[in-house]
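Following the hints, put chain R in place on chain V, whose structure we already have.
Chains as they are written, first to last, in my numbering: chain V, -1 to 264; chain R, 7 to 282.
The set of hints was computed from the structure by calculation and includes no laboratory data.
Certain hints may be false.
[To be verified] Here are the simulated DSSO-like cross-link-like pairs (lysine-lysine), alpha carbons at most 30 angstroms apart as the crow flies:
no. : chain 1 : residue 1 : chain 2 : residue 2
1   : R       : LYS174    : R       : LYS197
2   : R       : LYS197    : V       : LYS4
3   : V       : LYS175    : R       : LYS174
[To be verified] Chain R stretches covered by chain V per the calculated footprint, using a threshold of three residues with CB under 8 angstroms from any CB of chain V:
no. : segment
4   : 21 to 35
5   : 85 to 92
6   : 115 to 122
7   : 134 to 140
8   : 242 to 256
Glycine included, C-beta positions come from ideal geometry on N, C-alpha and C.
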Amino acid sequence: MTAIEKIAGWLAGLLATFTVVFLLTPLVVTVAVSFGSSAVFTLPPPSWSLRWYEALARSRDLWPPVFASVKLAAFSTAVALVLGTLCAIGLLRGQFRGREAVVTFLVSPLMLPGLVIGIAMLESFRAAGLRDVWVSLVLAHVVITLPYVVRTVFAALSLFDFTLIDAARTLGLTYPKAVFKVLVPSLAPAFLTSGMFAFLASMDNYPISIFFTDAWTKTLPIQMLQYVEESPDPTIAAISTLLILLSIGVLVLGDRLVGLRRMADL
Amino acid sequence: MSTARRFDPILLLAAPAVAYLTVVYGLPLLFLLGRSLLGAGGVSAFAGFFADPFSWTVLGNTVRSAALVTLVCLVIGYPTALVLARAGGFVQAAILVAIILPLSVGVVVKAFAWQIVLRRDGVVSQIFTGLGIWDEPQRLLFTETGLVIGAANIFVPFMILPIYSVLKLVDPRLGEAAATLGASPVYRFFKVAIPLSLPGIITGIAFVFSMAASMYVIPSLVIGDRFQTLATLTGRSFLFMRNEQLGSTTAVVLLALTIGIVVASSRLSRRLGGAA
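Here chain V stands alone, though its shape is the one from the complex (with noise of 0.2 angstroms):
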């Protein structure tokens, strides 16, 4: 190895730890405000304490909108799983000219701008008379959690050898039973990222949901980000560090099930 390899290796190594400790200071920043006894968000805390974590149980602004976000979430995702599964194995055994412009399509609100997304879809939706907070808001969460599972579980049926469904049914399953046996646990770990991420996604999607949340019904991203300016205390550094902890249960589970690279596999 030549010296300017050597220097090269060193300063990628440098900046790779750098890009780590970098990526990771919002999440410390967050969980030590949460634990400080201040209330102005001094670093480090004079001292520690739960006074935070008290408020926020005691909080009556929080909780609504956190179990408003849950549901929707949940919801949303196990609607863009069926429909989404469906979808990806119906491109991908179809011959047709131009899938990779339908499937380009499915996945394009991840890469357009929430905002015009919104406005878009709330136009649409008071032309057409629809003027229900919940039933707008999940299917606006529905167009943010299909493109997950429609890229992911496209991207794991291509690998999938269809043939397997046809040797367990030479071995006598019926097709359902062999698509039960063979399809769905090699798709397991698909739909499991896919259905973190969409969740996760939904869970805090804010520059769709403005437009479809009231005063009455709000999503946790919203009415975090109304407290964050009404009344910055650390009570949201310790709701904050509840979705931390929650993202790395989340992470955790997925490594036990499927492994940290292949959830990397985006």
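Leaving out everything else, chain R in the frame of chain V:
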């Protein structure tokens, strides 16, 4: 092979999802485009928008901040992807956790954290004054530098992952072969490593740039009202100013910008993929 195509019934499985997205998402976007291009205000609204110097400030803010964010992500993301592709064991696990965990934590949480970090009494300011780089504490919050730092932090995984997925497919023997043939390390980096990872780099740049151009939550929390981008102006026109005409116009300009980037990048990476 027969050229006559018969309808394959398995395609029907795709119908519900395609129909759903067409009705709930595709058509509304088309209506938005159609209405703002052909509607009452129509072309004159766009003419008015582009005649206003303020619009150019907004466009400039959008493109400049997105470009800076993309640049920062590329500079720190490429080496990280390189290390990730070559590492194993603990280093690999550490980098993967550092990428995937923040990816699954909401943008509101992270934007809020950067608000704390970038304050005058925040961590960055303390470190810089402690090291003697700054004479006195300064704030980065409400500055464009702060916005770029916060946004780069949130988008850098979208630069690392596509580059990593290309790099791990590249045969390391290609570099060795070039070395055997007498190529210097610098030459090999620019003539072998970079071109091979170019499709990943292009995808990463397109992702990060289009997301950075359309971010809304981060500028609202980190930089505030004085700095307007296409996205924040769109949001404010609809949510606070009740100026839907202006909002539709900026929305269409933003949409055109992001679609342009996505289409251009997929063409470019397909051409490179075909040549490789």
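Checked hints:
no., hint, in the structure
1, R:LYS174 / R:LYS197, "holds, 18 angstroms"
2, R:LYS197 / V:LYS4, "holds, 19 angstroms"
3, V:LYS175 / R:LYS174, "violated, 37 angstroms"
4, 21 to 35, "holds (count 12)"
5, 85 to 92, "holds (count 5)"
6, 115 to 122, "holds (count 7)"
7, 134 to 140, "violated (count 0)"
8, 242 to 256, "holds (count 4)"
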